[in-house]
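2 protein chains.
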Amino acid sequence: MQSLQQKAYEWSGVAASDAFAIDDTNLFETLGGLQPFVDLSTNFYNRVYDDEEEWFRSIFANSKKEDAIRNQYEFLVQRMGGPPLYSQRKGHPALIGRHRPFPVTHQAAERWLHHMQQALDGMSSIDPDSKIKMMNFFRHTAYFLVAGNQMTRQDLGAPCKHATSKPADE
Amino acid sequence: MQSLQQKAYEWSGVAASDAFAIDDTNLFETLGGLQPFVDLSTNFYNRVYDDEEEWFRSIFANSKKEDAIRNQYEFLVQRMGGPPLYSQRKGHPALIGRHRPFPVTHQAAERWLHHMQQALDGMSSIDPDSKIKMMNFFRHTAYFLVAGNQMTRQDLGAPCKHATSKPADE
Chain E
559 MQSLQQKAYE
569 WSGVAASDAF
579 AIDDTNLFET
589 LGGLQPFVDL
599 STNFYNRVYD
609 DEEEWFRSIF
619 ANSKKEDAIR
629 NQYEFLVQRM
639 GGPPLYSQRK
649 GHPALIGRHR
659 PFPVTHQAAE
669 RWLHHMQQAL
679 DGMSSIDPDS
689 KIKMMNFFRH
699 TAYFLVAGNQ
709 MTRQDLGAPC
719 KHATSKPADE
Chain C
559 MQSLQQKAYE
569 WSGVAASDAF
579 AIDDTNLFET
589 LGGLQPFVDL
599 STNFYNRVYD
609 DEEEWFRSIF
619 ANSKKEDAIR
629 NQYEFLVQRM
639 GGPPLYSQRK
649 GHPALIGRHR
659 PFPVTHQAAE
669 RWLHHMQQAL
679 DGMSSIDPDS
689 KIKMMNFFRH
699 TAYFLVAGNQ
709 MTRQDLGAPC
719 KHATSKPADE
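Just so you know, the sequences run in chain order E and C.
Take the first sequence: its position 92, counting from 1, is numbered 650 in our numbering, and each next residue is one higher.
Take the second sequence: its position 77, counting from 1, is numbered 635 in our numbering, and each next residue is one higher.
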């Protein structure tokens with residue numbers, strides 16, 4: 559079985575070394591702390607909640623925008639070298655598990671990435687090199703979640719099957 | 559709906575502030591680097607793969623012991639302040655997603671924690687305060703995964719249901 563990360567590399571077109579180049583430096587320090595992350599997530603979700611594409615906007619219909627913004631920037635701050643704001647409030651990120659209720663399709667990943675690219679493009683407080691690193695991380699992560707979403711839904715079709723003990727990530 | 563972390567706090571008996579007290583300091587630096595983590599995971603999985611309880615041992619039957627050891631210590635090093643060894647090799651930890659194939663029941667969580675407590679008890683290279691922090695993290699995480707496992711299997715029973723768009727973590 560192809561692993562989650564192999565699928566993510568293949569579908570995203572982002573190599574492993576690029577996907578986690580955010581770890582080459584401490585981006586939280588490079589960007590000067592919390593504010594750029596708050597601004598990025600605010601810009602991103604303003605676009606998402608105003609999306610003219612109703613199918614995409616509806617994915618977020620049961621979530622409050624201010625919660626979505628906070629969840630995202632706290633995760634990004636934690637993941638990119640800052641304090642563990644997310645885990646202190648909510649525990650493990652558990653990206654696949656927490657995205658399970660949402661239909662994370664290839665199409666949804668591309669729409670998400672479109673809005674994130676637009677949001678990043680508008681940020682003068684993030685330097686071009688950091689933008690590239692962040693976008694590669696986002697592109698990898700979006701397709702990692704497409705792969706994860708397929709996995710966590712693979713038993714949903716009829717007939718119902720019992721879970722196996724096969725590792726998720728061979 | 560009760561959130562994943564609320565269930566974890568309730569079932570584990572570990573308060574939020576204790577569950578992530580591993581973040582109060584840099585445990586990787588406190589413990590002096592990689593070796594204590596390698597030793598802990600080796601001791602842990604030696605116990606697991608030799609467990610007299612066949613039902614528990616069999617959960618790991620499809621995984622190679624050396625892979626299990628490496629996956630664990632690379633995750634722990636990364637999570638506890640060291641270099642991102644796990645993500646460089648495998649991508650996001652995605653704890654719930656990657657544990658989905660395994661039957662992470664309350665009983666399995668307790669057995670896992672029993673072995674981890676024994677493995678930690680035998681480590682002279684880890685100071686008592688760090689052991690308490692690590693064990694609280696493990697206890698919280700074990701029950702977080704029990705909650706996550708229930709969530710990712712909730713559609714497996716008959717009749718088959720389609721996924722909703724309700725957030726996983728209200």
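Note that these hints are calculated values from the structure, not bench results.
Note that the coordinates shown come from a computational prediction; the quantities given were computed from them, not determined experimentally.
Treat each hint with caution, since some may be false.
To be clear about the criterion: a stretch of chain E counts as covered by chain C if any three or more of its residues have a C-beta under 8 Å from a C-beta of chain C, and this derived list gives those stretches [claimed, not checked]:
id, region
1, 588-595
2, 648-661
In silico EDC-like links for lysine to aspartate or glutamate, alpha-carbon gap of 16 Å or less [claimed, not checked]:
id, chain 1, residue 1, chain 2, residue 2
3, E, Lys648, C, Asp576
4, E, Lys648, C, Asp581
5, C, Lys623, C, Asp581
Positions of the beta carbon are idealized from the N, C-alpha and C atoms, including for glycine.
Hint-by-hint comparison with the structure:
1. Coverage of a stretch by a chain is defined here by at least three residues with a beta carbon nearer than 8 Å to that chain's beta carbons; for the region 588-595 of chain E and chain C the count is 0, and the condition is violated.
2. Here the region 648-661 of chain E counts 14 residues with a CB under 8 Å from a CB of chain C, which clears the bar of 3, and the coverage holds.
3. A hinted pair counts as satisfied when its Cα atoms are at most 16 Å apart, and Lys648 of chain E with Asp576 of chain C qualifies at roughly 13 Å.
4. A C-alpha spacing of about 14 Å is found between Lys648 of chain E and Asp581 of chain C, which places the hinted pair at or below 16 Å, so the restraint holds.
5. Taking the CA atoms of Lys623 of chain C and Asp581 of chain C, the gap is near 28 Å; set against the 16 Å cutoff, the hint is violated.
In summary, the numbered hints that this structure violates are 1 and 5.
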